[in-house]
Amino acid sequence: MTTNSLAPIVTLLQQRAAISSEWMNEVLRVWMRMYPGLVNEDELRRQADALLKELAKLFSEHSGETPPDIGANSALGEIARELSADRAKKGFKPADTAQYVIALKNVLTQHLVSTLNETPASLTLCLRAVDGVLDRLSLLTFEAFVETRERVIAQQSLSLVELSTPVILLWNNVLLLPLIGVIDTVRARQLTERLLESITKYEASVTLIDVTGVPVFDTSVAWHIMKTIDAAQLLGSRIVMTGISPEGAQTLTKLGISFANVISRATLRAGLAEALQLVGRRIESTGGVHK
Amino acid sequence: MKIPILRLGKILLSSIQVDLTDADAMQFQNDLVNKIAEMEALGIVIDITSLEVVDSFMARVINDTAGMARLLGAEVVICGVQPYVAMTLVEMGRDLIGVDCTFNLDQGLEIIKERIGMRGDATMIEGEG
Amino acid sequence: MTTQPTNASERMPILDASDIVRARGVARQVAGRIGFGLADQTRLATAVSELARNVVQYGDDGFCEIADLSDANEMRLGILVEDHGAGIDNIDKAMKDGYSTGGGLGAGLPGTRRLMDEFAIESEPGLTRVSIALVRKRS
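Chains as they are written, first to last, in my numbering: chain Y, 1 to 291; chain X, 1001 to 1129; chain R, 2001 to 2139.
Here chain Y stands alone, though its shape is the one from the complex (with noise of 0.2 Å):
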């Protein structure tokens, strides 16, 4: 370590409290103006001096040429990692998330440009190595922040799928399953596994299912539909279809979809009637205002 040409970037890594002060003062000028409520300074000091250590123990253990590397998988890359994740979940914006890293290199930059000022030849060799690493990280940073900001996305419409599927008690023993809207593979796996459950939960013998709010019949839709209704009914619940467009029987007759085993009608208030009397019930006038 004697002959370590980026010594001075190791010194200069070992007044972790001055370093971390400089650069803290520096992110928490503009976070604290763009994220109030957002930023923990002990935390974000604690990282810091993480981080700090790391880096020097970075430096110190290497001794050539080239930068060092960081590998995803290091102490550093990890903490870079998940710093950035944390800010990814908690909406900063990405120039925000990477002005961390790139404060952190003006802070080195300008000391090690003041302490070296003699000696340009190693001026040189320290810049380079600070760039290539933080450069590095920076990149890391940069590519967990992403992840983390698709995760959240694919999370996101993955309850915004759960939302546009509800299944409704009607009344004692009759549910309602009102489709709305695009009829995929993964949809309509989740939306038979939510009717199912709930068929058995109240014990449903009769299950309406509107079809008012899909867009296109197609064979994949028709085809999801169908395997619905016939799982529907190997529980035991009958099913009532409603909401077919003038368009929807075309396609479906044409396609060879008769829907045998299903009464079909043509609203949603004909077919609550038809549910109703499936299960011993009527709607009657109680003779009030509105007749």
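The hints are simulated quantities; they were obtained by calculation from the structure and are not laboratory data. Where hints are given, some of them may not hold.
Unchecked claim - Listing some non-contacts, in silico: residues in chain R with all C-beta distances to chain X over 10 Å:
| # | residue |
| --- | --- |
| 1 | Arg2024 |
| 2 | Gly2025 |
| 3 | Leu2038 |
| 4 | Gln2041 |
| 5 | Glu2050 |
| 6 | Tyr2058 |
| 7 | Met2075 |
| 8 | Gly2085 |
| 9 | Asp2089 |
| 10 | Lys2093 |
| 11 | Glu2118 |
| 12 | Phe2119 |
| 13 | Arg2129 |
| 14 | Val2135 |
What the hints assert, rightly or not - DSS-like cross-link-like pairs, simulated, lysine-lysine; straight-line CA separation at most 27 Å:
| # | chain 1 | residue 1 | chain 2 | residue 2 |
| --- | --- | --- | --- | --- |
| 15 | Y | Lys201 | X | Lys1113 |
| 16 | R | Lys2093 | Y | Lys227 |
| 17 | X | Lys1113 | X | Lys1035 |
| 18 | Y | Lys254 | R | Lys2137 |
Source: prediction; values computed, not measured. Note that beta-carbon positions come from the ideal geometry of N, C-alpha and C, so glycine has one too.
Given the coordinates of chain Y, work out where chains X and R should sit on it, guided by the hints.
Chains X and R only, in chain Y's frame:
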């Protein structure tokens, strides 16, 4: 492993409570069919609430048993198909089970009695008994 | 092959019909431990049941290996079923609905493929390997 088959008047009632080996399933089919013939049963209710896996083999045993029972003049209802079992069956292929199904034993019995009530031979037997 | 044997795996011999019941029980258990929902547990147990039955009916001296291949992003359960029987003459035919040489419904292999996310089969006299996997993103 012998699956008990209970007698309720002219109805036979059986509940499969354990995961069956293939041999158990065939034994059950055999027992049930013989019992139907022996007592001239009018209705069969098979409860499969406890079956957590119904693969194509078990589906065939259930279908075949129902078919044999019909040939022997009995109505058949299966009850208690688990939601995930139903889902798996329709995903594997439609029509794996082509028997009427109900939620539970209660409803199964109700439906069977209703069907038997509509039969010509049911009133005949009652009238003479 | 979609399934590589790993450390976190369980291997069971499939010799007679009682092994079918055991294998699907283990598949369900492992799936539950990994975090698969009840619907997926049932799919996996049913798939293992189908494959194990094929070994008992047609194969000879087979085994079933159930491996947890999950990582941080997804749950993945891989299953390899291998036997040393006569092999399948015509795989394309065997994968068609309603085709059976053993008196079954002919729904076993094509049904299993529909239940799983990944399915691969290879067969020659003396060695048949079917590997399947169910994959779910972690949420």
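Hints and how they fare:
| no. | hint | verdict |
| --- | --- | --- |
| 1 | Arg2024 | 5 Å, violated |
| 2 | Gly2025 | 7 Å, violated |
| 3 | Leu2038 | 5 Å, violated |
| 4 | Gln2041 | 8 Å, violated |
| 5 | Glu2050 | 5 Å, violated |
| 6 | Tyr2058 | 13 Å, holds |
| 7 | Met2075 | 17 Å, holds |
| 8 | Gly2085 | 17 Å, holds |
| 9 | Asp2089 | 20 Å, holds |
| 10 | Lys2093 | 16 Å, holds |
| 11 | Glu2118 | 15 Å, holds |
| 12 | Phe2119 | 13 Å, holds |
| 13 | Arg2129 | 20 Å, holds |
| 14 | Val2135 | 16 Å, holds |
| 15 | Y/Lys201 to X/Lys1113 | 25 Å, holds |
| 16 | R/Lys2093 to Y/Lys227 | 24 Å, holds |
| 17 | X/Lys1113 to X/Lys1035 | 19 Å, holds |
| 18 | Y/Lys254 to R/Lys2137 | 37 Å, violated |
Of the hints listed earlier, those the structure fails to meet are numbers 1, 2, 3, 4, 5, 18, in rising order.
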